[in-house]
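Engineer: Got two chains here, separate frames each, mind docking them using the hints?
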Amino acid sequence: MAILKRMSGPELALVVSVFLACAVEAVEALTIVLAVGTTRGWHSALYGCGSATLALAALIAASGPALTRLPVNSLRLVVGGLLLVFGLQWLRKAILRAAGVQAMHDEAATFASSSAAARAAGERAGARIDAYGFVVSFKGVLLEGLEVAVIVLTFGANQHRIPLAAAAAIAAIAAVALAGLAVRAPLARVPENTMKFAVGVMLTSFGTFWGTQGAGASWPGDDAALLAIIPVVALASLVMVLWLRRAPVAATTAGGPA
Amino acid sequence: MSRVLAICRSVWRFIVGDDWITAVGIVAALALTALIAQTGTGAWWVMPPAVLALLALSLRRAAR
Chain A
1 MAILKRMSGP ELALVVSVFL ACAVEAVEAL TIVLAVGTTR GWHSALYGCG SATLALAALI
61 AASGPALTRL PVNSLRLVVG GLLLVFGLQW LRKAILRAAG VQAMHDEAAT FASSSAAARA
121 AGERAGARID AYGFVVSFKG VLLEGLEVAV IVLTFGANQH RIPLAAAAAI AAIAAVALAG
181 LAVRAPLARV PENTMKFAVG VMLTSFGTFW GTQGAGASWP GDDAALLAII PVVALASLVM
241 VLWLRRAPVA ATTAGGPA
Chain B
1 MSRVLAICRS VWRFIVGDDW ITAVGIVAAL ALTALIAQTG TGAWWVMPPA VLALLALSLR
61 RAAR
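Chains as they are written, first to last, in this note's numbering: chain A, 1 to 258; chain B, 1 to 64.
Just so you know, these hints were derived from the structure itself, not from any lab. Note that the Cβ used here is the ideal one computed from N, Cα and C, for glycine as well. Heads up, some of the hints might be wrong.
Between beta-carbon pairs, the in silico distance windows are [as the list claims (entries may be wrong)]:
hint	chain 1	residue 1	chain 2	residue 2	range
1	A	128	B	31	33 to 39 Å
2	B	24	A	53	54 to 60 Å
3	A	59	B	7	39 to 45 Å
4	B	42	A	69	42 to 48 Å
5	B	11	A	53	35 to 41 Å
6	A	78	B	6	20 to 26 Å
7	B	31	A	245	30 to 36 Å
Covered stretches of chain B (chain A as the covering partner; in silico rule of three or more C-beta atoms under 8 Å from a C-beta of chain A) [said to hold, decoys possible]:
hint	stretch
8	6 to 12
9	51 to 60
So here's chain B without its partners, still in its complex pose (with noise of 0.2 Å):
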C-alpha cells in the first residue's frame, strides 16, 4: 500500500509539480471551453486569457 502510494505522489509531482492551483486552473478553464463548445458558440477565446491569468497569478505567489 505505502509502495503504492509512494507512485502515487512521484506521479503526482511529476506532473503537477510545486503549483498545483495552476494544475487545477487549467483543469477548470478546460472544462469552461469544452461547456461553452457544446453550446454551439466559438469558445476558442476561452484558453488564452486563462493560461496568461493563471501564469500571472503562479509568478505573484512564487515571488511573494
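Chain A with its partners taken away, still in its complex shape (with noise of 0.2 Å):
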C-alpha cells in the first residue's frame, strides 16, 4: 500500500490498467485450467500449464519488444477454431448424457480398470499424460500469457516503465491464481457430467469469443462480452437437453474425448 502512494499519478494509472487487464487475461487462462484439471486431471492440465509457461518465457526472452508485432488474431482464430472443435464435442456428449440418451461415463471404474491395466504393465498411472488435457490447457495459457506479454510491453513502453508494468501483471496472476488455488477443492466435489457439461460450455464460449475476434471481428463490450456469451450458451444447452429429454431417440455410442 505505501508503494502504492509514493506513485505518481500516471504511474497510479499504469499499475492500475495493466493489473485489471492482466486479471482479465489470467482468470481467462484459469477457468481453462481449472476446467480441464477437473476434468481431465491435474498432472496433464499442469503439464500443459507448465509448458506453456516456458514457451511464453522462451519466446519473450528471444523476441523482446518485437513480440507486440506477432500476429495475435490469427493465433486467436486458430486457438478459438480448435477450441470449437473440442468444446462442441465435449458439449455434444455431456448433453447427450444429461438427456439419457447416452449412458453415464462411470468414471471411477474406468479409473480403476486403466490404473490396474497401468501397473499390470509396470507404469505409474499418475505419470501418464492425458494429450487432451495437456494441449487444451497449453493453448489457453499460452494464448493468455501472450496476451498479457502485449499488454506489459505496449501499456510499459508508453510510459517507458515495463518493469512496473510488468511487476502489476505479476501481481494480477498471483492473485488470481491464488483465488483458483482456493476454488479448486470445492469444485471437485461437483459431479462429474456436470463438470464435464460446464468445460464444454467454457470451451464453446471461449472458442467463439477468439475465433470471432480472430477472424477480424469485435465484440461489443471486448472482454465483457464473454460474461454473455456463456450463459447464451449454457442455457441453450439445457434446451437442448429438454429437447432431448422430450424426443424419442435410438442409443448412440457417439464418440469424443469427453
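Structural biologist: Here you go:
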C-alpha cells in the first residue's frame, strides 16, 4: 500500500490498468486450466500450463519488444477454432448423457480398470499425460500469456516503465492463481457429467469469443462479451437437454474426448 | 509412408473426433465471419447462432 502511495498519478494509472487487464486474461487462462484439471486430471492440466509458461518465457526472451508485432489475431483464430471443435465434442457428449440418450460414464470404474492395467504394465498411472488435457491447457495459457506479455509491453513502453508494468502483471497473475487454488477443492465435489457439461460450455464460449476476434470481428464490450456468451451457450445447451429428453431417440455410441 | 498416414489419422482423430461435419461447419462459420468483417460491417453476430446450430444438428445426428 505504501508503494502505491509513493507513485505518481500516471504510474498509478499504469499499475491499475495493467493489473486489471492482466487479471482478466489470467482469469480466462485459469478457467481453462481449472476446467481441464477437474475433468481430465491435474497432471496433464499443470503440465500443459507449465509447458506454456516455459514456451512463453522463451518467446519473450527471444523476441522482447518485437512480441507486440506477433499476429495475435491469427493465433486467436487457430486457438478459437480448435477450442470450438473440442468444446462442441465435450458439450455434445455431456448433453447426450444429461438427456439420458447415452449412458453416464462411470469414471470410477474406468479409472480403476485403467490403473489396474497400468500397474500390470509396470507404469505409474499418475505419470501418464492425457493429450487432450495437456493441449487444451497449453493453448489457453499460451494465448492468454501472450496477451499479458503484449499488454505489459504496450502499456509499459508507452510510459517507459516496462518493469513496473511487469510487476503489476505478476501481481495480477499471482492474485488470480491464489483464487484458483481456493476454488479447486469445491470444484472437485461437482458431479462428473455436470463438470463436463460446464467445461463444454466454457470451451465452446471461449472458442466462439476468440475465433470471432481472430476472424477480424470485434465484440460489443470487448472481453465483457464473454459474460453474455457463456450464459447464452449454457442456456441453449440446457434447452437442448430438455429437447432430447422429450424427443423419441435411439441409443447412440457417439465418441469424442469427454 | 504408412507411418505418416497413421500419424495423419491420429491427428485427425485427435482434433476432429467422430464428427467432421461440425468441424467443417466451424471452419465455414469462421470464414464467413472473416469475409463479413473485411467489409467493415460488424460480424460478431455470425458465430453464436452458427455454433448453436452446429451443436443442435450434431445432437440430432447422434440421437437418430
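Engineer: Is 20 to 26 Å a correct range for the gap between the Cβ atoms of residue 78/A and residue 6/B?
Structural biologist: holds (24 Å)
Engineer: Cβ-Cβ distance between residue 24/B and residue 53/A: within 54 to 60 Å?
Structural biologist: violated (34 Å)
Engineer: Please check whether residue 59/A and residue 7/B have a Cβ separation lying inside 39 to 45 Å.
Structural biologist: At 26 Å between Cβs, range violated.
Engineer: Please verify the coverage claim for the stretch 6 to 12 of chain B: does it have three or more residues whose C-beta sits within 8 Å of some C-beta in chain A?
Structural biologist: violated (count 0)
Engineer: Lying within 35 to 41 Å: is that true of the beta-carbon distance residue 11/B to residue 53/A?
Structural biologist: violated (25 Å)
Engineer: Does the beta carbon distance between residue 128/A and residue 31/B stay inside 33 to 39 Å, or does it fall outside?
Structural biologist: Holds, at about 37 Å.
Engineer: Do the beta carbons of residue 31/B and residue 245/A sit within 30 to 36 Å of each other?
Structural biologist: holds (35 Å)
Engineer: In terms of beta carbon proximity below 8 Å, does the stretch 51 to 60 of chain B have 3 or more residues touching chain A?
Structural biologist: holds (count 7)
Engineer: Return holds or violated for the Cβ distance of residue 42/B and residue 69/A against the range 42 to 48 Å.
Structural biologist: violated (26 Å)
Comparing the model with each numbered hint stated earlier shows that hints 2, 3, 4, 5, 8 do not hold.
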